[in-house]
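> Sequence:
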Amino acid sequence: MILERDQWHLGYASLLRDCRGPSSSHDTSSPHIGRALLLVHPDSTDALATSRILSYMLRADGVPYQIRPCLGFERLKLILGSVGCLPKNDDTNNDDNNNDNGDNLVEDEYNNSTTTSDIKAVVLINMGANRNLSKLFLDHHHTTNNHTPAVRAYVFDNHRPYHLSNIHSGKNVVLFNDRPFEEEEIVSDGDNLSGDESSTSSEESDDDDDSSEE
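Numbering-wise, my numbering comes out as the position in the sequence shown, counting from 1, plus 120.
What the hints contain is simulated information worked out from the structure, not anything from laboratory work. Be careful, since some hints might not be right.
Unchecked claim - FRET-style restraints, in silico, Cβ to Cβ:
no. : residue 1 : residue 2 : range
1   : ARG188    : PRO300    : 27 to 37 Å
2   : ARG179    : TRP128    : 12 to 22 Å
3   : HIS279    : ARG188    : 13 to 23 Å
4   : PRO300    : GLY182    : 26 to 36 Å
5   : ASP238    : PRO300    : 31 to 41 Å
6   : ASP238    : ALA133    : 17 to 27 Å
7   : ALA180    : LEU130    : 16 to 26 Å
Even glycine gets a Cβ: it sits at the ideal position worked out from N, Cα and C.
Start from the sequences, fold in the hints, and give me the full structure.
Shown next, in the form of structure tokens:
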């Protein structure tokens with residue numbers, strides 16, 4: 121889902137609820153506290169500034185958090201697996217097993233991790249908006265069946281276009297949009313909604329062009 125700038129406060133309130141639980145004036149017990157995981161693209165000064173502002177806000181609201189650098193989508197999947205936010209042998213990791221990128225230490229950390237985590241929200245800063253995050257952050261029904269905690273993704277990213285799956289993923293992926301869409305930034309299906317890396321639509325259009333030339 122997309123939140124425009126005048127709706128950002130709703131997204132932040134949702135993040136607080138994820139980490140602190142619903143508040144009630146009739147509830148005298150201590151709220152269940154979970155952590156927020158802030159994953160920051162290290163090559164962006166905007167991302168560093170955003171993480172500093174957000175970390176200050178979380179401290180002021182009493183929400184524990186962890187900040188980690190994250191460079192690339194494959195690294196994102198490894199980090200989520202290492203902290204227990206992804207089920208082991210998940211389909212999202214099968215396509216990586218055939219490509220040894222030399223990151224064996226992180227892969228070992230993932231394989232040895234448990235599936236229980238106190239992380240209740242993942243904040244992606246300057247990354248992730250143009251990739252299919254709905255494959256990683258499933259709805260509550262799927263996460264319950266897989267014995268994996270339901271974790272929501274909150275995305276601050278200036279990369280365009282947005283992946284179409286992120287927009288139609290319900291409340292599991294929250295995009296903080298800071299400006300109107302330009303014509304060339306109209307949302308794209310990226311690696312398509314099924315998650316395949318190839319797109320048959322482009323191939324079909326090429327075939328149509330060839331046939332028209334003949």
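> Against each hint, give a clear statement of whether it holds in the structure.
Consistency of the hints with the structure:
| no. | hint | result |
| --- | --- | --- |
| 1 | ARG188 - PRO300: 27 to 37 Å | 32 Å, holds |
| 2 | ARG179 - TRP128: 12 to 22 Å | 19 Å, holds |
| 3 | HIS279 - ARG188: 13 to 23 Å | 19 Å, holds |
| 4 | PRO300 - GLY182: 26 to 36 Å | 35 Å, holds |
| 5 | ASP238 - PRO300: 31 to 41 Å | 38 Å, holds |
| 6 | ASP238 - ALA133: 17 to 27 Å | 20 Å, holds |
| 7 | ALA180 - LEU130: 16 to 26 Å | 18 Å, holds |
In summary, this structure violates none of the numbered hints.
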